[in-house]
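Following the hints, position chain C against chain E.
Chains as they are written, first to last, in my numbering: chain E, 1 to 904; chain C, 1 to 516.
Simulated from the structure, these hints should not be mistaken for lab results. Please note that a few of the clues may not be correct.
Unchecked claim - For the chain E half of the interface with chain C, some residues (derived, Cβ under 7 Å), not all of them:
| hint | residue |
| --- | --- |
| 1 | Ile130 |
| 2 | Ser308 |
| 3 | Leu309 |
| 4 | His417 |
| 5 | Ser421 |
| 6 | Asp778 |
From the three backbone atoms N, C-alpha and C, an ideal C-beta is built for every residue, glycine too.
Spelled out, the chains give:
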Amino acid sequence: VKHIRMISEGSRDTEDGSNDIRLIVYQDCERRGRQVLFDSKAIHKLDTSEPVTCKNLIVTVSFILKTSDETKTPPNRSGACHIGSQASEKDKPPSYQYTRPAPDVTMLGEMMFGSVSMSYKGSTLKIHHIRSPPQLMVSKVFSTRFGSSTSESTNTLQDSFESMSQTFPSHTSSIGKISANTSSFLLIFAHQKPSEQPRCNDSVFPAHSNPVDMPSRGHSEDGDSGIARSASLSSLLATPLPSPGSSFSSGLSSSYQRRLLRSQATSLQHGPVPRWNTEEMFSLSDESCSSNPVMIQRKKIAISIIISLPEREEENHNFQEFFFSHFPLFESHMNKLKTAIERAMIVCRRIAESSQRVQVYLCRVMEALGEFRMTVWNLYMAPRISEPVWLSMISQSTERNLLCQRFLKEMSLLMEHGAKSQFLSALLTAVLTHHLAWVSTVMPSSMPPIKSACQKPASQTADLLAKSHPYNPLWAQLGDLYGALGSPVRVCRTVVVGRRRELVQRVLYVLSYFIRCSDLQEHVQPQEQMDNPASPCTSQTTDPTPEKPDPLKPTACVIGTSEKALNSDLGNAIPGTSVEQSHEILLTDTKSTSPSPSVESTAVRSEFTEMAQECFGEDSDSVGGGLEHILASQSPLLHRVQFHIGSPSETANDGQAGGLTGAGCGRGLDRKLHQRLLSDIRRNESSDSALGDSDDEETSAQELYVSHEDCTNLVCLFLCSCQVESRASVNHFGRSLLGGYCPQYMPDFALHGISSDLRLKQCLMADLEHTVLHPALDEPVAEALCIVADTDRLSVQVVTSQKRVCEGGRLGRDVMVSNLVHTLITSVLQLYALNIASDFCVMHLEDRLQEVYFKSRSLAEYLRGQTRVPVKELGLALGIESSDIPLLAAVASTHSPYVAQILL
Amino acid sequence: MNALVALCHFCELHGPRTLFCTEAVHPPSPSPPQPGPAIPGDRDREADREGEGLTMRANSSATQGADMCEGCRSLPASHPGFVSVDGETGIRYLSHQHPRQPQLFSVVRQACVRSLSCEVCPGREGPIFFGDEQHGFVFSHTFFIKDSLARGFQRWYSIVVVAMDRIYLINSWPFLLRHLRLTIQSLQNTALKVFDSEQCVCPQRAVRMNSAFSPAVFPHQRSGNAARSLTSLTQHPNLWASLHSSFSWLLKACGSRLTEKLLEGAPTEDTLVLIERQTEQEEEMSGWDGAEGGVSNPQPSQSESVQAKDFQFDDGRQEDILGPKFKSLRHLRQVLGASDFRQLAWHVLMGNQVIWRGADPGLIQSAFNVLKALLPVGCVRAVPYSPHYEEAYRCNFLGLSPDVPIPAHVSSSGPTLLNKMEVALSNENLSVEVVSLCLLCLKEEWMNKVKVLFKFSKVDGRGKEDTQKVLALLGATGPGEEDNVRLLKFWMTGLSKLYKSHLMTAVRVGERTLSQ
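The shape of chain E in the complex, shown without the other chains (with noise of 0.2 Å):
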């Protein structure tokens, strides 16, 4: 395929991922004190004297991808690593030696658990920074929970480790052959073949069965406050658009509500609220779900992942940025990882022998300590798609022409060649139905176009909601990605699976116009600003001039006097700095120093006005170093001060208290903001009784808010700017998550394409039900599916978390095809064939999937109030076909929560 570059991203260097990732699982115990129950860094593996295969070579427990450092050629394609099950019946298990564990786990365990224990009774979160040798350190402390009938303690897996010195040869206990089948693993190369004996998928993940509440967005009987501070739930209580007859033209959408109600939850004034994954605790013991769990004593496991970091300071700086805005996903999986360490504890504690009973622990920590490796590896290292449609044509806008011709020209190729079974069809059919995220790109907007006229416009509302209330620009894009934008909150990703590389490619190139997401944009203070506001002392300031009088006065004054008398004032001092109109006013210091008064105040008005704008529009030229000199400097030039006086009634009905006087602007939109969100709120209590005692919390945010209205008190100094580069982030899900043509399926990605489907069928059940325990997204998520589409027998199934059996072993159900989105893409590519401008081709299709959305309109309005509807009967009124339904009904639950309870 000429027009399509899938390459693994250049900045991602391999070498990073020769990286060792280290785990330390520690107890601290209030009777016996500290103990390593595991380091992987004390831990080797036995060579079990058998003939030794070259695979065997490979075969190794640590994550030690050098092959590629010490070649200096970059590894083939990706660098994605891969995992086989290369046992056969004659492999012995792997055996290991647990030597003394290295020197600086005492200074480690200090630094899991802390100098003083801490009473709370939760799972901790910490991270920290090891310099030399330069490491990352991810922690998480959990406290213990036995349940009743097990007294017995870890301690008798710490016992078995203090009387070990010696080796011990492998057992071969039937649990033991579990391990062993699962974990002498390979890595290989994507041209080698994986083994083709399925892995046993309940001894990676033990099928964890503890019952899950299904979170839900519909209203009414969900009051249950276990999942209370859920941004996605708590949707439900506001009723997203607005009620039927009011304008179509721009409701609030279900991406802009999760945005809102994401600041709310994640907002410091409410103060701590223990959310819903609190409770989150160590199991010691099998009966997780049992009635009377005990604490026996106060005790408290800790898991640390160190990670090795670069040493080369660009690429240490590549990994520090992927990590840390990846924590969410790297985070999930630690949490598999602890769910298999739970379950290797609880397992080997079955077991009377002591030395069998190491081996066993240890071979099962180990192969999920080799899960982990790789995940990680893979999800830095694989490639992505490289010009994902969607993203590609948010960013340039100037080449949109030319990806619009590709764009049709790969989906025309595509539809001829699944032409007889649908294929295209049935594949847009599920992930339009649940990546949602295209929703809110094809609701209307009211506002007028401001650039060209037919392009989609950028919410206005939603930047305006990120200004005032900022959320996480990172946590919303994932959300979109994985389509969390319905009711109930489901999460999906698509997988496709096909031999046929280009073809493969091909299919992902155009999903990625389907799967949508926000683009980010990382706005940062160039290297080599010299004031940057971070500093508070500036050079002018590294002097100590001790005997400075009365140094406050001149940068600040706290005002007491009237308005009038300040300007008059003022006015006397120093003709001209007042501001009319606007209730600030800029001060020089009137026993300035400055040899010519009244030339510096003119300076000083002007550059306050270009503050002004600075201030508040980040993309105009700065100026905006100066204000850190205001601020900091005792230069007397330079003292100035920026006042708000307005009466107090005045600023209580603005909601803030004066601007610059580039701040009107600002200040009404603030307030239109509010403005609708108040009447949009207004407008959805009628409907929602279970707004009921809201008022009590919005009085008291306001109340605090009104409290702080009266900061005529407070000394109040300009805000700092500084220059900033915006630029196109580079670490965001959207150019991550959207993986290419992958030699082996990624738990984490919304959209990848593999080559065999043989280690999905293995993972696929365990991850989706792990992504329902632990969501990446960080709030509870009723349901995980998967679409796999096979490009080899152009199918298309649905795989979910909640329904296991299948008939035939088979993953999913297979998808019908909407009859709309068929004709929608029909008639989207006969217009293209008919020789239409592919842009005007690409407008068309936003149209018809806008047709979509206002079909949704009338189901959701039909459905109002109702309590069950025959299928048939929307077909009748509606003039919804049944294929339709399920589409109709997915995009209608992301504006319309109720309808999800409804078609139920």
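Below, chain C without anything else, positioned relative to chain E:
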């Protein structure tokens, strides 16, 4: 960013203390409620207890004043604190010694104690992240400041950033680390210069070595030395104002470090046409009633009213009309009877002029109000009540009193759209809202066909044969084809200028070259 920044100090006498705290106070949002029986009071009390359990000695804010030395203090008690306002967003950055929001007091206290006396950082200086759901999450950076009079010639501080959003805070680690380092280095360098100059004047090492160690004097000495404030260590009289600026900036910059570009759908043709009309009207006259709800206004409630109002006759007054009036299309249909209504609707859809004669202008206006919903906004040209006949090109809805003569020249199967519309209207199970949404769907669907036809025939100027293909593709062929085409052509006149000019000027250079 939804976070606060605090400077903490490990006082040799009093243990970990919060010195200076900058918090962001957001304007009240119309917050949907926090669901569940979350009782803030209880939680706070519990949190308070937890926090204090950790402290070296119990400290409530009330007793704090008593055992506080210069080193534990930032702003004098009389100082009101600092504030900076972000005019664009209304966010305020407030700085005091302790957080103003009571529920945050114990959170910051906890963060301070943990950062300076619980968590272990290799080398004692550096970044750590820690936290849990109950106490919030903390990015902490510990550091030393030189003090010629302190034990070991240095004092231990930390800057903590506290947030509830764990992931956001971790995502921000590189940014926070980079900038807090600048803050810290700046403080350290400044203090180092002070330290050096003090050492020049009076080398402490020598003093200490020469002075005989006396157990009696020692504690007194220590306590005296413990009192130095950070201001004195840096000789920076505006230190707190500067720190306030730095911390405020940090919170703002961290919150705006990443911005999203989130797209919406393009406005519908109806919206565009309304905007255009609005603009024209504003240019033409100012006294027009319907123009007041500015379209440039992003509020849905407003644009909604625009949509409802702007049809060249003022809906707003409809409420005031006394006497009978039509409430909905269905109502109209019931009154007229199905077949007459169909006739009427057919003509409306085809763009034929509809003349409504009657003595009651209010009734006529209400009829037009419901009928216009059948058409794209751009196709509606109405003269609700005129004393004389208006030509068809001027209006397609015309109200006349019974005595106005109609010129002689004025004197007509059905399109697909009409049939579908009728289905919805005749179904009594559908509420008025559902019907209007169905109508919207139908209109948008056909408007999209109109766009394609416009592009095809007017912009690209394709021949008849191709046009026929497009019609088939659009589902406009078959029974009622002639009417469909008529409808499409009429509706074309309702496209917004913006849209048309966009298509006309669309660059077509190099189009399709790659695919040929």
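Results of checking the hints against the structure:
no. : hint   : result
1   : Ile130 : holds, 5 Å
2   : Ser308 : violated, 15 Å
3   : Leu309 : violated, 13 Å
4   : His417 : violated, 16 Å
5   : Ser421 : violated, 22 Å
6   : Asp778 : holds, 6 Å
Checked against the numbered hints listed earlier, the structure breaks hints 2, 3, 4, 5; every other hint is satisfied.
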